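Quick note, the sequences are listed as chains A and B, same order. Per numbering that gives the first Met the number 0: the first sequence ends with 245, consecutive numbering throughout. Per numbering that gives the first Met the number 0: the second sequence ends with 402, consecutive numbering throughout.
A couple of the hints might just be wrong.
Stated by the list, open to error - Simulated crosslink set (DSS-like; lysine-lysine; CA at most 25 Å straight-line):
1) 89(A) to 81(B)
2) 146(B) to 149(A)
3) 89(A) to 4(B)
4) 87(A) to 98(A)
5) 98(A) to 301(B)
6) 13(B) to 98(A)
7) 150(A) to 13(B)
8) 130(A) to 13(B)
9) 136(B) to 146(B)
10) 4(B) to 87(A)
11) 192(A) to 150(A)
12) 13(B) to 149(A)
13) 98(A) to 4(B)
14) 130(A) to 136(B)
15) 60(B) to 81(B)
16) 150(A) to 136(B)
17) 39(A) to 219(A)
18) 12(A) to 87(A)
19) 130(A) to 140(A)
No wet-lab data here; the hints were simulated from the structure. None of the values given here were measured: they were computed from a predicted structure.
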Amino acid sequence: MQESPSEIIYQLKDVAKTRSSNGYTFGLRVPSLRIHRGEKIALIGESGCGKSTLLDMLAFILQPSDIGSFSFHGDRGSEIDIGLAWRKHKRNRLAALRKAHMGYVMQTGGLLPYLDIYDNINLSRQMLGMKDDGTVELLAKELGLTRHLKKLPDALSTGERQRVAIGRALAHQPAIVIADEPTASVDPFAAEKIMSLFIGMVEERNITVIVASHAWRHIKQLGLRRLAHHTRRSADGRLTETVVSG
Amino acid sequence: MLRQKRQTLALASKDYFHEWQISICFVLALAAVLGPMLVLFGLKFGIVGTMIEELVENPAKREIRPVGSGRYDRVWVDSLRKRDDVDFIVPRIRSIASTLSVSSERAGRILQFEVIPSSAGDPLLDPKLAAPSGLDKVVLSASAAKKLQVSSGDHIEGSLRRQYRGHKERVTLDLQVVAVAPATAFKRDGLFASVMLVEALEDFRDGHEVPALGWKGAAAVEQRHYTGFRLYARSIYDVAALQDSFERSGIEVRTRAADIENVQRMDRTLSAIYWAIALIGLGGFSLSLGASLWANVDRKRKELSVLRLVGFRSVEIVLFPVMQGMYTAIFGWALACGIYYVAAWSINLMLAPQLENEQQICRLLPAHYAIALAITVGASLLAAILAGMRAARVEPSEGLRDI
Chain A
0 MQESPSEIIY
10 QLKDVAKTRS
20 SNGYTFGLRV
30 PSLRIHRGEK
40 IALIGESGCG
50 KSTLLDMLAF
60 ILQPSDIGSF
70 SFHGDRGSEI
80 DIGLAWRKHK
90 RNRLAALRKA
100 HMGYVMQTGG
110 LLPYLDIYDN
120 INLSRQMLGM
130 KDDGTVELLA
140 KELGLTRHLK
150 KLPDALSTGE
160 RQRVAIGRAL
170 AHQPAIVIAD
180 EPTASVDPFA
190 AEKIMSLFIG
200 MVEERNITVI
210 VASHAWRHIK
220 QLGLRRLAHH
230 TRRSADGRLT
240 ETVVSG
Chain B
0 MLRQKRQTLA
10 LASKDYFHEW
20 QISICFVLAL
30 AAVLGPMLVL
40 FGLKFGIVGT
50 MIEELVENPA
60 KREIRPVGSG
70 RYDRVWVDSL
80 RKRDDVDFIV
90 PRIRSIASTL
100 SVSSERAGRI
110 LQFEVIPSSA
120 GDPLLDPKLA
130 APSGLDKVVL
140 SASAAKKLQV
150 SSGDHIEGSL
160 RRQYRGHKER
170 VTLDLQVVAV
180 APATAFKRDG
190 LFASVMLVEA
200 LEDFRDGHEV
210 PALGWKGAAA
220 VEQRHYTGFR
230 LYARSIYDVA
240 ALQDSFERSG
250 IEVRTRAADI
260 ENVQRMDRTL
270 SAIYWAIALI
280 GLGGFSLSLG
290 ASLWANVDRK
300 RKELSVLRLV
310 GFRSVEIVLF
320 PVMQGMYTAI
330 FGWALACGIY
340 YVAAWSINLM
350 LAPQLENEQQ
360 ICRLLPAHYA
370 IALAITVGAS
380 LLAAILAGMR
390 AARVEPSEGL
400 RDI
């Protein structure tokens, strides 16, 4: 693992998100987190432990309650102060970062039902004005979707739709792909296959990947680094806090 | 950035047509409110418009004439002619003196015609045709021309008699028909003559000389008086004021002010009813449109969050429902116009027997369609922008988790 600072992609210090509802408080605290370019990170834990909260903060779609420092290095040598962007309400700036550097695989597809598979995969490329250079077809071939390209998402099985979502997340050659339980909605056998395919593809493309999952057994075999976290609950059960670091 | 806006518009359109069943519901909901409103306005506009048109186009409604006979001199008539609210005035002579026997080569018999003093600008005459002038150029009413079997340009012979110093005298004069008055303006047999000719006829009957026509008699009249006048107000709205002014100076006049007042009162009543219904309708319309667009954005929160996630900016998130709102507004408006068109056509067809030709009981001007479109588009824009802004403010992570 390289330790050169130019190879860091995320650096967080004392970032926290607290949410309260009905008298229960959930907190996620990140005293220190550093993710390097090309790293494969796994976030393993039961649902409700704050995995999604961390992923959403890393995808800039959830504003942290407290930010000590939070920097993002989409390109080598560039440093963007995410904390500052949030404080200044620069949501469009954050959206532009996502568009250029990030792919996101949601738990259930998140495909646009009115676009065919080709257009769904091509969405991020089209937004960046990238030319049709065969990338979509190539991805579709790798993901076993070639015969579905002209279909609408409705016509596909859940597993196929997840593969389309992976294709969309990779199509514009992002620096980082974030996947929130990408295989939670498919059967375990298919899940393993999809996960292996996914990790193989990001590895091949040297893309940084952060995956949240509740099943460590399989992930471990794929050589992912597991982020350490522990969850504490107050005696009355009203306060839950997860601390992540790595 | 323009590329991304174009892409947003393309996505919004694809979504709109992909969900055509729901889109049709939105369009129907809009047309169901807007269509009847157009019909209602068309009826109000058509009914009142037809009545007012009838009033404005029929000069008889603007006519003011004195009751009985009086003594009016030329100076007084000229002073009235100068008033802004007077369109046309011509003096009248004693009705007993205002007839003439007329014959033509083609008609076998001599006919008695009423002689009507007139001049250029007379609302009873066609403004595009020549007016009576001098002592020989006259205009015939349509029925008179028909009875004499003459048309514009023909010559006719007028003759009149008098009892002068104990013996009967008869003179004839050659007259040229310069025009035929429209049948709608004057339905009786009549001959429109210049004031000069009418005065000459009166003078002859009274035993005075008329040197211009070579008729002998007593000395010419020095101070002429008229027994009445025929006056047309500039518009129907000036009639009541003119009537007041005459009555204040002691001249009792007959007008159609009561008819006009009736139509105006009806217009006011119908307008009040219409606006009451229109305001309620507009309220319902705005609510229906706003609610459906708002609901649409709410329904699409997840998809909008996905767009946000892949990097669409706030303005594009707002643009998405705005584009769809525009589709609903334009299609809904078009359908409403269709509903109106069919309804108006059937109403007009049903009531055609009661109407004069060309009249329509349900009618809209192109401007009204344009105003309806502008209001619809404006209301849609407002609702869609408000809903879109709400969607853009929602944190994408929230929308994404509502799966």
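Results for each hint:
| no. | hint | result |
| --- | --- | --- |
| 1 | 89(A) to 81(B) | 73 Å, violated |
| 2 | 146(B) to 149(A) | 83 Å, violated |
| 3 | 89(A) to 4(B) | 19 Å, holds |
| 4 | 87(A) to 98(A) | 19 Å, holds |
| 5 | 98(A) to 301(B) | 18 Å, holds |
| 6 | 13(B) to 98(A) | 21 Å, holds |
| 7 | 150(A) to 13(B) | 14 Å, holds |
| 8 | 130(A) to 13(B) | 21 Å, holds |
| 9 | 136(B) to 146(B) | 19 Å, holds |
| 10 | 4(B) to 87(A) | 24 Å, holds |
| 11 | 192(A) to 150(A) | 23 Å, holds |
| 12 | 13(B) to 149(A) | 15 Å, holds |
| 13 | 98(A) to 4(B) | 14 Å, holds |
| 14 | 130(A) to 136(B) | 86 Å, violated |
| 15 | 60(B) to 81(B) | 21 Å, holds |
| 16 | 150(A) to 136(B) | 87 Å, violated |
| 17 | 39(A) to 219(A) | 11 Å, holds |
| 18 | 12(A) to 87(A) | 19 Å, holds |
| 19 | 130(A) to 140(A) | 19 Å, holds |
The structure shown violates the earlier hints numbered 1, 2, 14, 16.
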